[in-house]
Amino acid sequence: MASPSLMDTLFQRGLDDIIKGVRHQQSSTECIFISRVIEEIRREIKSTDLQTKSTALQKLTYLNSIHFIDMSWASFHAIECISSPTFSHKKIGYLAISQSFSESTPVILLISNQLRKDLKSGNEFEVSLALDCLSRIGTVDLCRDLASEVFILMSSSKVFIRKKAIGVVLKLFEKYPDAVRVCFKKLVESLEGSDSPIVSAVVGVFCELSAKDPRSYLPLAPEFYRILVDSKNNWVLIKVLKIFVKLAPLEPRLAKRLVEPICDHMRKTGAKSLVFECIRTVVTSFTEYESAMKLAAAKIREFLMEDDPNLKYLGLHAISIMAPKHLWAVLENKDVVIQSLSDEDPNIKLESLRLVMAMASESNLMETCRVLVNYALKSDPDFCNEILGSILSTCCQNVYEVIIDFDWYVSLLGEMSRIPNCKKGEEIENQLIDIGMRVKDVRPELVRIARDLLIDPALLGNPFLHRLLSAAAWVCGEYVEFSRNPVELMEALLQPRTSLLPSSIRTVYMQSAFKILIFCIHSYFLQKEDMTSEVSDLSSKRECSESSDLATGKALVQSDQDEGFNPRESNQSYEYPSVVDTGDGQSSTPTFMEKKSLMHESIVNLLNLMELVLSPLSGSLDVEIQERACNVLGFMELVQQEFSNPLIRKEANLDREEVIVSRVVEWVHDGFTEELGPVSVTAQDRVPIPDELVLKENLTDLEAICGGVELPAPGSFSLTSPYYGESAVFSVSNLQAEEDSEPSTESTSLLTEHRKRHELYYLPSEKNKIPANDYPPANDPSSSINTNDATEDLVKLADQSLVSKRKPNHAKPRPVVVKLEEGEAAPVVSKKPELKDDLLSGAIHDILLGNEVKAASSQGNPSDKSSSKRKGKAKHVDLLDSKENLAVGEQPNHENPSSRRSKHRGDGKQKSKKSKGKKNGDGREDDGEKESQKIRDHHGRHKSRQRADAPINVVPQTPDIPDYLL
Amino acid sequence: MIQFVLLISRQGKVRLTKWYSPYTQKERSKVIRELSGVILTRGPKLCNFVEWRGLKVVYKRYASLYFCMCIDQDDNELEVLEIIHHFVEILDRYFGSVCELDLIFNFHKAYYVLDEILIAGELQESSKKTVARLIAAQDSLVETAKEQASSISNIIAQATK
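Here the protein sequences line up with chains A and B, keeping their order. With full-length UniProt numbering, letter number 6 in the first sequence gets 6, and the count goes up by one each step, no holes. With full-length UniProt numbering, letter number 159 in the second sequence gets 159, and the count goes up by one each step, no holes.
Calculated from the structure, these hints are not laboratory results. Yeah, the Cβ is synthetic: ideal placement off N, Cα and C, and Gly gets one too. Keep in mind that the hints are not guaranteed to be accurate.
[Said to hold, decoys possible] Computed footprint of chain A on chain B, listed as stretches where at least three residues anywhere in the stretch have a Cβ under 8 Å from a Cβ of chain A:
hint, region
1, 8-17
2, 23-37
3, 43-54
4, 96-109
5, 133-140
[To be verified] So the derived label-pair ranges between C-beta atoms look like this:
hint, chain 1, residue 1, chain 2, residue 2, range
6, A, Leu109, B, Lys30, 48 to 54 Å
7, A, Pro252, B, Lys26, 29 to 35 Å
8, B, Pro44, A, Val140, 42 to 48 Å
9, A, Asp16, B, Ala136, 18 to 24 Å
10, A, Pro252, B, Lys30, 26 to 32 Å
11, A, Asn398, B, Leu101, 41 to 47 Å
12, A, Phe76, B, Lys30, 23 to 29 Å
13, A, Pro324, B, Pro44, 31 to 37 Å
14, B, Leu101, A, Leu331, 26 to 32 Å
15, A, Val107, B, Lys30, 36 to 42 Å
16, A, Asp16, B, Pro44, 29 to 35 Å
17, B, Glu27, A, Arg686, 56 to 62 Å
18, B, Glu27, A, Ala458, 28 to 34 Å
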């Protein structure tokens, strides 16, 4: 064993050799060289000679930190090195440990003893090594075991050790909050020195601590204030300012005292870092102090005027903090902000972009967007998308609050989608649909924009815009009645390049095409009807449509005669005219009709086009596409008989079929034109459940009946699937299927029954993209009327929460934007603070306010090793506590001091809760005493125990904090 | 709090890494790759701050080396620039006009210097003199230890154990 070790020692390559060796390698051979070295190290590191071992470890550490070679396998060897008596070995070992150990390192517990030994060492440098190491790798266990050693070191005579120990305290508190009991007082005492590294270190620790939970450190405000006024060290001042930023919002009285010294620093100091920190402090926390804000703004202006890009960036950053409350600061520096948009530094550009958007208001939005879009066209893709993104997010804030002219905005959206680098398809998609649903008045323009987008074949090639195109397609289908030329739309939707789209979007295209088809056929029927009833001469001139016109006339007559015989039919025919009058399409249908009356041929052409495009798709591999293609084709088969060649059809069948076709088209059309406004997410919850509604019973019934039918998961659009399958049957074999369906759909009708009775609790399914959904189920004479009522109810329901805040007081009245008062913004989930922090803040709060209850009560806790120490510590109770002690002192009749104190504390809590009104002055104290005396007998013991058991994150009551600063 | 300190050469070679928050080995190399991509491509006249994953990276180039420190969102960027400068000045004083090669061949010493300046991600010593004194004292300790270890008698003792 000795000889290889000797060989290794004598011929071992040192760190320098390795570094030189790596540097001489080409990048290709580097890996091989390193792996060879690692082999070597693996051998050397097992040596019993610590010199050899530590050299090997040093080499490995080098490779690990520079070349990221794994060194976790050498953890144990590192521990061996730190246990060496030789300082150089120790140092190498500690470096290796602090570079490579993590919480999950298995051997980490083994160093606990060695660390303790080194922390107690007489050699100050060994102590410092151990402290550095602990600050880097401290785990819960290590921190718990070594807390007392660190505490002792905090009173070391050597400044350099003391300072490091204070640095380690941060880690200690983070991992092991109970350490607070031991160390916190010492920490606070350390604040009291004058300008020294110690104060700097302590302030650093408090700066970190207060970032997590500022409230606990409020009592220390006077100390920090003294440092703020006295200290000459800029770095310390910066940290203190950071602490005050956190404290100021909690204690309004602080601000008044702080503003002066801060402004003082701002005026006097030459250090930019301190000036900036002062500015930031003022603009975040002291916004209501006019003079301070003015001074800060002036300093920001100075920053902006400098050539240094750093100062410029920070200046812009500071303004953007001010922007929400003090827009004047932005406007004052408008020139610089706009100028910075073309700065070469992307960070500065980004910052100025934020500011430009902050300046945007109703009045200048159009101008701003115009400028920005021009910038976007010129700039690089990243920044271009940043610009577009910020335009989009600014405009949609608070339900499009800033936008007055929606026509303009919609066309801006269209323009933005055509910017070559645009990757914001998804956002634009959402906004197009959102605006379409919310703003009625903008729909014609929206359809126009959507048409332009759909027709452009170039856009189909850009995958980033596919989402946007799906929105355009949806808009065209949904609001087709505003279109000038539906046929053109149809051609756009069915153009061959749509094969470039992903299937999910293609299905949207197909669905929209279907909607347009329905719309066209429906208007064709309407037109025809008008003609038959008003000017039959005119229609008779058109030869080819003559017979079908007649047929419609007959059909209408017949359906009138049928009244009473078939209730559903009659209902439909009653509804027929009413829908025409009130339907959404009504207002614009005339414009479309005037422009281009739909000829019979054009419908036939449409049908042919659709069949041509969709037939191949019915064999598509994608289920969704195939399904839709089949549905549409099935429907077309039904309709086509009407349009194919009326002369050949058998006379007997003619009338009946005519009725069916027109009626089916009618129904589907009704379904599509049904307006479905946005519904608040919480709307459903607000519906009170009526007494007669027995949800459970009915559902079990349903289960028995629909056993075979798979019910959709709750939450998805419900109850559509039973119809879904049926619809396919229906549309393929037209008339017969309808009659057949009546007996065969018992379960369906039961569902419908249920739906009819509790219409309100069903989601309106009219808007569903499944066409057959709109077909009224069998045995349901009043279904369509009911549905309408239900929708009205829903609308009423939603109306309660619909608010249109803005009054139209502009030259061009702002269209109504439908908003929901809640459920718009994602519910803010208040994040629970971590348990650790709670423990920490609770512990600190206890210590700071001299609250020893917990200490006393947790003495029974075996894990609490430091409890014995604490007893001694209880003697130097804080100054803050003395007041409370006095109060206790007036109560002579108590068994033992510790329980007395705890009781008092418990009552104090109760007291401050009970007498909230009388917080101020001494009266509070007396009140509290009386109160507490009364309660003590009943609650005393119980209370204190409760306090101990309860989670300690009780928010400290403000009255606990006296006027420190006054 | 300073999350980590990186020294990267202009060619993208890493010269020093110090992590004050836990990062796994995998994350470390990812962070370095990501950041050197961002920082090395930035022009000379741009500002010294980069926003990155909700944190901020303050960097400054000295000769061929980029000194980078990653800090929290509300830390003071200018202060960190000063800390970087402080670090560089101390290195300069220690090595006697420091160059990249010094840091390459004395990588461990660079760590020791850094350890005297920062602890747990906080600045601990703002006096250059003090740091220099502490480092020198430790160096002499290491030297004596080394002399002992490398003495012939020691090697023989080791070998014949």
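Taking the hints in turn, this is what the structure says about them:
Coverage of a stretch by a chain is defined here by at least three residues with a beta carbon nearer than 8 Å to that chain's beta carbons; for the region 8-17 of chain B and chain A the count is 5, and the condition holds. With 4 residues having a Cβ less than 8 Å from any Cβ of chain A, the region 23-37 of chain B passes the three-residue criterion, so the hint holds. Only residues whose beta carbon comes within less than 8 Å of a beta carbon in chain A count, and the region 43-54 of chain B has 8; three or more means the coverage holds. With 4 residues bearing a CB less than 8 Å from a CB of chain A, the region 96-109 of chain B meets the requirement of three and the coverage assertion stands.
Counting residues of the region 133-140 of chain B whose CB lies closer than 8 Å to any CB of chain A gives 3, so the stated coverage by that chain holds, three being the minimum. A hinted range of 48 to 54 Å for the beta carbons of Leu109 of chain A and Lys30 of chain B is inconsistent with their spacing of about 29 Å. Look at Pro252 of chain A against Lys26 of chain B: about 47 Å separates their beta carbons, and that is not inside 29 to 35 Å. About 46 Å separates the C-beta atoms of Pro44 of chain B and Val140 of chain A, a value consistent with the hinted range of 42 to 48 Å.
Restraint check, Asp16 of chain A to Ala136 of chain B: a C-beta distance of roughly 21 Å satisfies the suggested window 18 to 24 Å. Checked against the hint of 26 to 32 Å, the pair Pro252 of chain A and Lys30 of chain B fails, with Cβ atoms roughly 45 Å apart. Here the CB-CB span from Asn398 of chain A to Leu101 of chain B is close to 59 Å, at odds with the stated 41 to 47 Å. Roughly 27 Å separates the CB atoms of Phe76 of chain A and Lys30 of chain B, a value that falls within the hinted 23 to 29 Å.
As the Cβ distance of Pro324 of chain A to Pro44 of chain B is approximately 34 Å, the hint placing it in 31 to 37 Å holds. As the Cβ distance of Leu101 of chain B to Leu331 of chain A is approximately 53 Å, the hint placing it in 26 to 32 Å is violated. Remark: the range hint 36 to 42 Å for Val107 of chain A to Lys30 of chain B is contradicted by a beta-carbon distance near 26 Å. At about 34 Å, the beta-carbon gap between Asp16 of chain A and Pro44 of chain B stays in the expected band of 29 to 35 Å.
Judged by the Cβ atoms, the range 56 to 62 Å given for Glu27 of chain B and Arg686 of chain A is violated: they are separated by roughly 47 Å. Remark: the range hint 28 to 34 Å for Glu27 of chain B to Ala458 of chain A is contradicted by a beta-carbon distance near 42 Å.
In summary, the numbered hints that this structure violates are 6, 7, 10, 11, 14, 15, 17 and 18.
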